[in-house]
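Chemist: Sequence order for the protein chains is A and B. Numbers 1 to 85, taken from this note's numbering, label the letters of the first sequence in order. Numbers 1 to 167, taken from this note's numbering, label the letters of the second sequence in order.
Hints in this document: simulated from the structure, not taken from any laboratory. Model, not experiment: these values are computed from the prediction. Please note that a few of the clues may not be correct.
Stated by the list, open to error - Restricting the straight-line Cα-Cα distance to at most 16 Å, the calculated cross-link-like pairs of lysine to aspartate or glutamate (EDC-like) are:
#: 1; chain 1: B; residue 1: K137; chain 2: B; residue 2: D150
#: 2; chain 1: B; residue 1: K104; chain 2: B; residue 2: E68
#: 3; chain 1: A; residue 1: K26; chain 2: A; residue 2: E45
#: 4; chain 1: A; residue 1: K58; chain 2: A; residue 2: E45
#: 5; chain 1: A; residue 1: K26; chain 2: A; residue 2: D66
#: 6; chain 1: A; residue 1: K58; chain 2: B; residue 2: E41
#: 7; chain 1: B; residue 1: K43; chain 2: A; residue 2: E65
#: 8; chain 1: B; residue 1: K27; chain 2: B; residue 2: E123
#: 9; chain 1: B; residue 1: K46; chain 2: B; residue 2: D158
#: 10; chain 1: B; residue 1: K43; chain 2: A; residue 2: D66
#: 11; chain 1: B; residue 1: K104; chain 2: B; residue 2: E3
#: 12; chain 1: A; residue 1: K32; chain 2: A; residue 2: D85
#: 13; chain 1: B; residue 1: K124; chain 2: B; residue 2: D78
#: 14; chain 1: B; residue 1: K124; chain 2: B; residue 2: D158
#: 15; chain 1: A; residue 1: K49; chain 2: A; residue 2: D85
#: 16; chain 1: B; residue 1: K46; chain 2: A; residue 2: E65
#: 17; chain 1: A; residue 1: K49; chain 2: A; residue 2: E22
#: 18; chain 1: B; residue 1: K43; chain 2: A; residue 2: E69
#: 19; chain 1: B; residue 1: K137; chain 2: B; residue 2: E151
#: 20; chain 1: B; residue 1: K137; chain 2: A; residue 2: E72
#: 21; chain 1: B; residue 1: K137; chain 2: B; residue 2: E149
#: 22; chain 1: B; residue 1: K27; chain 2: B; residue 2: E3
#: 23; chain 1: B; residue 1: K128; chain 2: B; residue 2: E151
#: 24; chain 1: B; residue 1: K46; chain 2: A; residue 2: E69
#: 25; chain 1: A; residue 1: K35; chain 2: A; residue 2: E65
#: 26; chain 1: A; residue 1: K11; chain 2: B; residue 2: E119
#: 27; chain 1: A; residue 1: K35; chain 2: A; residue 2: E45
#: 28; chain 1: B; residue 1: K43; chain 2: A; residue 2: E22
#: 29; chain 1: B; residue 1: K104; chain 2: B; residue 2: E123
#: 30; chain 1: B; residue 1: K46; chain 2: A; residue 2: D66
Unchecked claim - Over 10 Å on every C-beta distance to chain B, these chain A residues come out as not near it, computed from the model:
#: 31; residue: R34
#: 32; residue: E45
#: 33; residue: F79
To be verified - Derived Cβ-Cβ restraints for the label pairs, each shown as a range:
#: 34; chain 1: B; residue 1: M157; chain 2: A; residue 2: D85; range: 36 to 42 Å
#: 35; chain 1: A; residue 1: L18; chain 2: B; residue 2: N82; range: 23 to 29 Å
#: 36; chain 1: A; residue 1: E15; chain 2: B; residue 2: K30; range: 21 to 27 Å
#: 37; chain 1: B; residue 1: K46; chain 2: A; residue 2: K26; range: 35 to 41 Å
#: 38; chain 1: B; residue 1: F59; chain 2: A; residue 2: E15; range: 35 to 41 Å
#: 39; chain 1: B; residue 1: K137; chain 2: A; residue 2: E15; range: 19 to 25 Å
#: 40; chain 1: B; residue 1: Y140; chain 2: A; residue 2: E73; range: 30 to 36 Å
We put the beta carbon where it would ideally sit given N, CA and C, even for glycine.
Given next are the chains, with one letter for each unit.
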Amino acid sequence: MAYLRDDLLPKEQLEELLIEREIRSKYADWEKIRKLPPLLRNAVEYFIKMGDLRMAQKLARMDLEDFIELLEELNIPVFITIIRD
Amino acid sequence: MTELIASIDTCFLIEWCRYRNRDLLVKAFKYAYVTEDVLVEVKSEKTLEFTSNLLSSGFLVIYPFRRELESIVRSIIDISINDSRIRVIDPPEAYAFAIGVREKCIVLTENKGIVRLVEFYGEKFPVKVWGAYELLKFLYERGYIRNLEDELRNYTMDTHHMFPRSK
Numbered sequence: 001m002a003y004l005r006d007d008l009l010p011k012e013q014l015e016e017l018l019i020e021r022e023i024r025s026k027y028a029d030w031e032k033i034r035k036l037p038p039l040l041r042n043a044v045e046y047f048i049k050m051g052d053l054r055m056a057q058k059l060a061r062m063d064l065e066d067f068i069e070l071l072e073e074l075n076i077p078v079f080i081t082i083i084r085d
Numbered sequence: 001m002t003e004l005i006a007s008i009d010t011c012f013l014i015e016w017c018r019y020r021n022r023d024l025l026v027k028a029f030k031y032a033y034v035t036e037d038v039l040v041e042v043k044s045e046k047t048l049e050f051t052s053n054l055l056s057s058g059f060l061v062i063y064p065f066r067r068e069l070e071s072i073v074r075s076i077i078d079i080s081i082n083d084s085r086i087r088v089i090d091p092p093e094a095y096a097f098a099i100g101v102r103e104k105c106i107v108l109t110e111n112k113g114i115v116r117l118v119e120f121y122g123e124k125f126p127v128k129v130w131g132a133y134e135l136l137k138f139l140y141e142r143g144y145i146r147n148l149e150d151e152l153r154n155y156t157m158d159t160h161h162m163f164p165r166s167k
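Whenever a hint applies, use it, and build me the whole structure from the sequences.
Modeler: This is the structure we're talking about:
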């Protein structure tokens, strides 16, 4: 199976991934994230890095909507759309 | 009256229903398809209430030909598994996208795997994929929204969806 890999992404896509990662990381409440149980912390950190909601939800073993609510509680933007002028 | 038809996936629906002007969805489309998987994933009171209203009003239609989507779904998932540029697409999003392919309607999703799939395999899947930004822009162009920038700010306040501009 081919996993999403930074080094294989076209330039524009890689830039988007890095911008999104920076935004998620900047807004995240790291104090609260550090207090999460390991399973959830790993899932949330994976989401911050990769932005893959479905995979992170599976890692957290949570329903989709519950996981989205967890991300909101942690102040992590769930979706980011980069607008190109 | 609009003649556009949409196919909506779970992530889009969950997010859109948090938006203060969520009822604008019915201004943009004549009706919208969902699969039963989408309804199963909807859990919170506010999402359930919004979804039930859309179903009972006849705006949301449960897609009746699910079995006929299987070959398209297989093809979508196969590509996403084998192409490292594309995030693996899960069945709920793949079905929503397959409806768009089969019915030639607009797919409402925030799934980046789907967006990339259309970018890289547009000839195979000639489908319009819209996220909240494209839908808000469409509503603005049709006069349902007065100021797009203000509405994007409202959307961010309600949903935490961010719309940074590229430098």
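Chemist: Each hint: holds or not?
Modeler: Taking the hints in turn, this is what the structure says about them:
In summary, the hint linking K137 of chain B to D150 of chain B is supported, as the alpha carbons are separated by about 12 Å, within the 16 Å threshold. The suggested pairing of K104 of chain B with E68 of chain B holds, with an alpha-carbon distance near 14 Å, which does not exceed 16 Å. Between K26 of chain A and E45 of chain A, the direct Cα distance comes to roughly 12 Å. Compliance with the 16 Å bound is thereby established for this hinted pair. Distance check on the hinted pair: K58 of chain A and E45 of chain A sit about 13 Å apart at the alpha-carbon level, within 16 Å; holds.
Distance check on the hinted pair: K26 of chain A and D66 of chain A sit about 22 Å apart at the alpha-carbon level, beyond 16 Å; violated. This hinted pair checks out: K58 of chain A and E41 of chain B have alpha carbons roughly 13 Å apart, not beyond 16 Å. Restraint check for K43 of chain B and E65 of chain A: satisfied, since their Cα atoms lie roughly 7 Å apart, inside the 16 Å limit. For the suggested pair K27 of chain B and E123 of chain B, the alpha carbons sit about 30 Å apart, so the restraint of at most 16 Å is broken.
In summary, the hint linking K46 of chain B to D158 of chain B is supported, as the alpha carbons are separated by about 13 Å, within the 16 Å threshold. With a CA separation close to 8 Å, the supplied pair K43 of chain B and D66 of chain A stays within the 16 Å bound. As the CA atoms of K104 of chain B and E3 of chain B are separated by approximately 12 Å, the hinted pair is consistent with the 16 Å bound. This hinted pair does not check out: K32 of chain A and D85 of chain A have alpha carbons roughly 36 Å apart, beyond 16 Å.
Restraint check for K124 of chain B and D78 of chain B: the C-alpha separation of about 13 Å stays at or below 16 Å, so the hint holds. A C-alpha spacing of about 36 Å is found between K124 of chain B and D158 of chain B, which places the hinted pair above 16 Å, so the restraint is violated. About 26 Å separates the Cα atoms of K49 of chain A and D85 of chain A, which puts this hinted pair outside 16 Å; it is violated. Restraint check for K46 of chain B and E65 of chain A: satisfied, since their Cα atoms lie roughly 11 Å apart, inside the 16 Å limit.
Under the criterion of a C-alpha separation no larger than 16 Å, the hint pairing K49 of chain A with E22 of chain A is consistent with the structure, at around 9 Å. Taking the CA atoms of K43 of chain B and E69 of chain A, the gap is about 11 Å. The hint holds against a cut of 16 Å. A distance of roughly 10 Å separates the Cα atoms of K137 of chain B and E151 of chain B; the hinted pair therefore holds under the 16 Å criterion. Only pairs whose Cα atoms come within 16 Å are accepted, and K137 of chain B paired with E72 of chain A is rejected, the gap being roughly 25 Å.
At roughly 10 Å between alpha-carbon atoms, K137 of chain B and E149 of chain B fall within 16 Å of each other, so this suggested pair holds. The straight-line distance between the Cα atoms of K27 of chain B and E3 of chain B is roughly 10 Å, inside the 16 Å bound, and the hint therefore holds. Under the criterion of a C-alpha separation no larger than 16 Å, the hint pairing K128 of chain B with E151 of chain B is inconsistent with the structure, at around 22 Å. Between K46 of chain B and E69 of chain A, the direct Cα distance comes to roughly 12 Å. Compliance with the 16 Å bound is thereby established for this hinted pair.
Under the criterion of a C-alpha separation no larger than 16 Å, the hint pairing K35 of chain A with E65 of chain A is inconsistent with the structure, at around 21 Å. In summary, the hint linking K11 of chain A to E119 of chain B is supported, as the alpha carbons are separated by about 14 Å, within the 16 Å threshold. Restraint check for K35 of chain A and E45 of chain A: satisfied, since their Cα atoms lie roughly 13 Å apart, inside the 16 Å limit. Distance check on the hinted pair: K43 of chain B and E22 of chain A sit about 30 Å apart at the alpha-carbon level, beyond 16 Å; violated.
Of the supplied pair hints, the one linking K104 of chain B and E123 of chain B holds, its CA atoms being roughly 13 Å apart against a limit of 16 Å. Between K46 of chain B and D66 of chain A the CA atoms are separated by roughly 13 Å; this keeps the pair inside 16 Å, and the hint holds. No beta-carbon of chain B is positioned within 10 Å of the beta-carbon of R34 of chain A; the least distance is around 21 Å. The claim that E45 of chain A lies off the interface holds: its Cβ sits roughly 17 Å from the closest Cβ of chain B, which is beyond the 10 Å cut-off.
The Cβ of F79 of chain A sits about 5 Å from the closest Cβ of chain B, inside the 10 Å cut-off, so the non-interface label is violated. Look at M157 of chain B against D85 of chain A: about 23 Å separates their beta carbons, and that is not inside 36 to 42 Å. The hinted window of 23 to 29 Å between L18 of chain A and N82 of chain B holds, with their beta carbons roughly 24 Å apart. About 37 Å separates the C-beta atoms of E15 of chain A and K30 of chain B, a value inconsistent with the hinted range of 21 to 27 Å.
Distance hint check: the CB atoms of K46 of chain B and K26 of chain A are about 28 Å apart, inconsistent with the given range 35 to 41 Å. In this structure the hint that F59 of chain B and E15 of chain A lie 35 to 41 Å apart at CB holds, the actual value being about 38 Å. At about 22 Å, the beta-carbon gap between K137 of chain B and E15 of chain A stays in the expected band of 19 to 25 Å. Checked against the hint of 30 to 36 Å, the pair Y140 of chain B and E73 of chain A passes, with Cβ atoms roughly 31 Å apart.
Of the numbered hints given earlier, the model fails hints 5, 8, 12, 14, 15, 20, 23, 25, 28, 33, 34, 36, 37; all others are met.
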